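Fit chain U to the known structure of chain V by using the hints.
Protein sequences appear in the order of chains V and U. Count along the first sequence starting at 1, add 26, and that's the number in the working numbering. Count along the second sequence starting at 1, add 26, and that's the number in the working numbering.
Everything labelled a hint here was simulated from the structure, so no lab data went into it. These numbers come from a predicted model, not from an experiment. Heads up, a few of these hints could be off.
Each pair may be met inside one copy or between any two copies, as identical chains are not told apart.
To be verified - With a straight-line Cα cutoff of 25 angstroms, these simulated PhoX-like cross-link-like pairs (lysine-lysine) come out:
hint, residue 1, residue 2
1, Lys177, Lys240
2, Lys358, Lys403
3, Lys437, Lys143
4, Lys283, Lys382
Number of protein chains: 2
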Amino acid sequence: MKLSTQPYKGARDFYPEDKRLQKYIFSQWSTVCERYGYEEYDAPILEPLELYAAKSGDEIVNEQTYLFEDRGGRQVVIRPEMTPSVSRMVAARRQELPYPLRWYSMPVNWRYERPQKGRLREFWQLNVDLFGVANQSAEIEMIEIADAIMKQFGAPDGSYEILVNSRQLVDSFLQDELQLTVDTSNAIRRLIDKIDKISNTEFDSQLSQLVGDKPKVQIIDFLQATTLDELPAGIATRPAAQSLQVVLDGLIQTGIKSFRFAPKLMRGFDYYTGVVFEVFDTNPQNRRAMFGGGRYDGLVGIFGVDPVPTIGFGMGDVTLVDFLEANNLLPKLSSSVQVQMLPMGISVLEASKVAKALRKEGVNVAVDFSDNKTDKKIKSAVKRSIRYVVFVGPQELQAGALTVKDLDSGKERSLTMKALASLLQA
Amino acid sequence: MKLSTQPYKGARDFYPEDKRLQKYIFSQWSTVCERYGYEEYDAPILEPLELYAAKSGDEIVNEQTYLFEDRGGRQVVIRPEMTPSVSRMVAARRQELPYPLRWYSMPVNWRYERPQKGRLREFWQLNVDLFGVANQSAEIEMIEIADAIMKQFGAPDGSYEILVNSRQLVDSFLQDELQLTVDTSNAIRRLIDKIDKISNTEFDSQLSQLVGDKPKVQIIDFLQATTLDELPAGIATRPAAQSLQVVLDGLIQTGIKSFRFAPKLMRGFDYYTGVVFEVFDTNPQNRRAMFGGGRYDGLVGIFGVDPVPTIGFGMGDVTLVDFLEANNLLPKLSSSVQVQMLPMGISVLEASKVAKALRKEGVNVAVDFSDNKTDKKIKSAVKRSIRYVVFVGPQELQAGALTVKDLDSGKERSLTMKALASLLQA
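In isolation and in its complexed conformation, chain V is listed as follows:
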């Protein structure tokens, strides 16, 4: 049987041109996170099954994990998301860590799903988390960072919007106002989470099965509010609503434009406890959630230590690249190879010495030692987006200068090594 050259289904090979784009994305992510004082951390891609069983939500654990038994009989999972791992790390050093703790990471995650547009089995995900801040400055900062990242990639206002809701508000409405049980309230939340995937009649009928006619009407009213003032009477004065109002006011004062209150927004994970938010692609051809997060004050505590107030979000690379493509925001990226050197009638060792000297000047040089014709060598440089080729023959060695051809303009000139190095640093 012939060995396949294809990557595993739903995963990607990154050839240098693909890797360049990935590095660009990672570097934009890092830049914004570090500007806001976040430090990078990492965790192993394998974790014990128990870590996810606790809180991640049933679909991910039961249907989407890469779960197996290792050679020592342990049930392990290739992580489907980073949040349980980072909570574990904080719990392990609960007492020593200096709060507020601002952490980010860019891990690869795996989920066994049907690969489709915007969704692969292997994906990278920026994770940004703030530990130890219970007040709303945390929510405001988190949403500000999400917005700053979109801007860093050049996304214009209007190309996305940030939906904001509060799990606490929803719970308070269902449990305190409508006096529903916790179980019914959770079931309703999960139903609302699916609202865009099922028909109105289907939603209506499932909601009827969960509650009576009067609560149903009130719930539908609740979901249609576009501001906190439009919520059914009695809610606005509850602490959850007032707390959310502080966040929304803060976002205005911080100068965030593209956000709105969205009472339908639930987010899938079970572990959220407060404000949740989601960045949504507003392109009519591509309307969908791109990424989001929220407050999850309970996760660190499941490890048997004092809980830590926490808020965070995760942003995947696959949907982001789709967004950048659709909005013409993909930059032209050139090779890390600045110069391809073509030795012309000199020995390999002589050529290596010139290359070495150029490298000492800080230039990234590849030497084409192949026996190909010059034409073919130049084509090879063009193919990999290298801008300059440098010819080195006996004449150049004698003159102490290089013949440099700019493949963009086609022009050739003679330059010393230092002159070439400063041209490239300009």
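Chain U in isolation, oriented as in the chain V frame:
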């Protein structure tokens, strides 16, 4: 049962201070590779089992892989090494890729082993590969890069040595000179690979079982040579020896000091076909192989395409960090957070505005929104290796200047935002 906060056995959590070191290592690796014209690529961490069954060597595949069946019934492996993946990628685009192809990668690999000093189950590994060059300039470049990486980390000459051998030379000696069969020759090679792990008597007795007395003496003679001239008569004129001599001469002319011919060096993987090399820690307390590689001209061809001459090496992070520690080469790394801002009697929003303005100047700022006392806030900054704290109160807002405390010197001064930004860029 209490959920464990420990990482999976043999794997590591990277807290920000650990991640800093990892990023330093990655950045040194990248810098050298890119100077030599190598471009970064990547591949998925999951691969089909068949990919390794072909060539990686029995121990790794049968005893050390993380092997499991996915939810679709496919036998998959978390990669134990990158070479099969990169060969697959080159084979997939055999015709289109521009040769010579210089590629590097810094993947995470997994092997189910007993964790011990210098060996973990999860490790990162620099992979450097040159495709499409059959002559010895490839060997020289590869060993030069290995040497340049050691120098980039500050390793002095003498703290390591590079052992060089040739599989072809060994095969030629055993098969052409001693007229042994391919199977016996392979068995002898595997035995020699274990030579430092077993006693002399054990080696002697196992060798006796494989060959007669006369060849045994000749083999032991062969293994004791320190230069090609010292090899048993007849070998030095064979092509394999002459080809290796070109490499050794080239290394001298390139200015590489810390290398020597080592006929005992075999390297574990079955796929090597020519020159092999290994960088060895010479510290008496820590004498051992750190990393290595060699020529493996056959791997791309197993995918049913024309073979491509290839040489490469892999360098793990765990042994490297041990080496840097033992040689006092670990640098002092400071936090990516340049400034911790402490709001003093101003609102969160006012503080956020100042932070935002500082970020626009390119400063990495974290704001301490906690209710902790000033002392505790300063301690928290010290703890995470942040050098400057900035106090912002009503006075500072009015004066348009910040009170900046240097935690290294303990000195305080008043600076405008621009002055602080240029101080940090200096």
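Against the structure, the hints come out as follows:
In this homomeric assembly, lysine 177 and lysine 240 never come within 25 angstroms of each other (Cα to Cα): the closest approach is 44 angstroms inside a single copy and 76 angstroms across copies. For the homomeric pair lysine 358 and lysine 403, the shortest alpha-carbon distance inside one copy (23 angstroms) is at most 25 angstroms, but the shortest distance between copies (43 angstroms) is not. Neither within a single protomer nor between protomers do lysine 437 and lysine 143 lie at most 25 angstroms apart by alpha-carbon distance, with minima of 43 angstroms and 56 angstroms respectively. Taking the shortest alpha-carbon separations for lysine 283 and lysine 382, only the inter-copy value of 16 angstroms comes in at or below 25 angstroms, while the best intra-copy value is 52 angstroms.
Hints 1, 3 from the list above are not met by this structure, while the remaining hints are.
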